[in-house]
Amino acid sequence: MAGKQVFFENVNEGGSMPEFVSEPLTETQFVMYAGASGDFNPLHTVHSFGEMVGYGGVIGHGMLSMAVVGRSLTDWLGNKALKKFGVSFRTVTKAKDVITVKGVVAKKYTEGGNNCIDIDIVAENQRGETVVTGNATAALPSKS
Amino acid sequence: MVDKSIIGREYPEFTFEVEKGKIREFARAIGDKNPLYYDEKAAKEAGFEGLVIPPSFPTVFAMAGGLMEVMLGDLKLDLAKILHGGQQYEYFKPIKPGDTVTGKVRIANAFEKSGKAGTMDFIVMETTYTNQNGEKVLVDTSTMIQRR
Numbered sequence: 307m308a309g310k311q312v313f314f315e316n317v318n319e320g321g322s323m324p325e326f327v328s329e330p331l332t333e334t335q336f337v338m339y340a341g342a343s344g345d346f347n348p349l350h351t352v353h354s355f356g357e358m359v360g361y362g363g364v365i366g367h368g369m370l371s372m373a374v375v376g377r378s379l380t381d382w383l384g385n386k387a388l389k390k391f392g393v394s395f396r397t398v399t400k401a402k403d404v405i406t407v408k409g410v411v412a413k414k415y416t417e418g419g420n421n422c423i424d425i426d427i428v429a430e431n432q433r434g435e436t437v438v439t440g441n442a443t444a445a446l447p448s449k450s
Numbered sequence: 125m126v127d128k129s130i131i132g133r134e135y136p137e138f139t140f141e142v143e144k145g146k147i148r149e150f151a152r153a154i155g156d157k158n159p160l161y162y163d164e165k166a167a168k169e170a171g172f173e174g175l176v177i178p179p180s181f182p183t184v185f186a187m188a189g190g191l192m193e194v195m196l197g198d199l200k201l202d203l204a205k206i207l208h209g210g211q212q213y214e215y216f217k218p219i220k221p222g223d224t225v226t227g228k229v230r231i232a233n234a235f236e237k238s239g240k241a242g243t244m245d246f247i248v249m250e251t252t253y254t255n256q257n258g259e260k261v262l263v264d265t266s267t268m269i270q271r272r
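Order-wise, the sequence lines are chains A and B. Those letters in the first sequence? Residues 307 to 450, per the working numbering, in order. Those letters in the second sequence? Residues 125 to 272, per the working numbering, in order.
You may find that some hints are simply not true.
List time: in silico EDC-like cross-link candidates among lysine to aspartate or glutamate, alpha-carbon distance up to 16 angstroms [said to hold, decoys possible]:
#1 A:K389 - B:E214
#2 B:K157 - A:D381
#3 A:K386 - B:E214
#4 A:K400 - A:E435
#5 B:K205 - A:E357
#6 B:K228 - B:D202
Keep in mind the hints are simulated off the structure, nothing from the lab.
Isolated chain A (complex conformation):
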C-alpha cells in the first residue's frame, strides 16, 4: 500500500526504488484474474490446454505480471504519478512463483512544467529468471 509521499527532491538518478516482493501466485488467482480481466485464454485456466501447448499446466497471465509491477510502482509513488508504464514479457509465471520487482531511476528531469523521473524495472522469479523488464515515467510533486 502507498507509503509516504515521494517528492521530486527525494529521488536521484541511479537511485533504487523500494524492492517489492509479491505473495506466491496461485492457480486460484489465475482464475480470478481471468474473470476480472476478461482474458479467458485457456492457457491460464485449463490444465490440459497448458499441457498440450507444452507448459506442463497452466501459466499466469502476462498482464498479471504487469499488474504486480504496477503495484510496486503505486506502492512507491502513489496513484497520481504515472505518465507512462510499459513492460516486455520474458518468462512465463506459474503457481507458487514469487515475483520480486526492482527498479532504478534512469533519468530525472523537468519537462513541460512536470518534474519527471524515468524508471528502469526488472521483475524476477524466485529462480532469478527475468519475468518482465519494464519502464515507467512518473511526474512527482516538488517540495518547493
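Keeping the supplied structure of chain A fixed, place chain B upon it in accordance with the hints.
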C-alpha cells in the same frame, strides 16, 4: 511472412463503462489491498473524485471490446501460437467509475524478427481511448508475437 499491408488497418470502435465493482474485482485478483481501489471515502479523502483504477486495469477495456477474437480471425492468427510480447500505457487523464471510454484500434506496426527461437512475427496494436467528454485519456500499445 508478416503481411506489411495490415499496417494502418483500423477496427470498429468499442465502448466500456467503468464500474466500481469491476475495479474492486480486478484489485482483488491482482492481490492489491490499496484502499483507493475499494473505498470511495478513502479515495475522496486522498483527493480523487472516486475509486481509482490500477495502472494495468485498462486491459479490461480491451478484453471487453472483444477485438482480440475479431483480429485473430481478420489477421488469421493462431491462438495457440500467439504470445503477448509487450504492453505499454500512456496516461493522459484520470479514468474513474461512471466514465464511458471509447477505444479505437489501429495496427501501428507489423514486422518479423529473428532470434534464438527462430523467426517470429510481431504485430503492434495501438488503441486510443477517449472518455464521454471526448478527451483523450489513454493510449494502449500492445505487441503480439506469433511463433511460426
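Going down the list of hints, with the structure as the test:
1. A:K389 - B:E214: 6 angstroms, holds
2. B:K157 - A:D381: 10 angstroms, holds
3. A:K386 - B:E214: 13 angstroms, holds
4. A:K400 - A:E435: Distance ~13 angstroms between A:K400 and A:E435 Cα, so the pair holds.
5. B:K205 - A:E357: Judged against 16 angstroms, a Cα distance of about 14 angstroms means the pair holds.
6. B:K228 - B:D202: Given pair B:K228, B:D202 is violated - Cα atoms ~23 angstroms apart, limit 16 angstroms.
Violation of the numbered hints given earlier is confined to hint 6; every other hint is satisfied by the structure.
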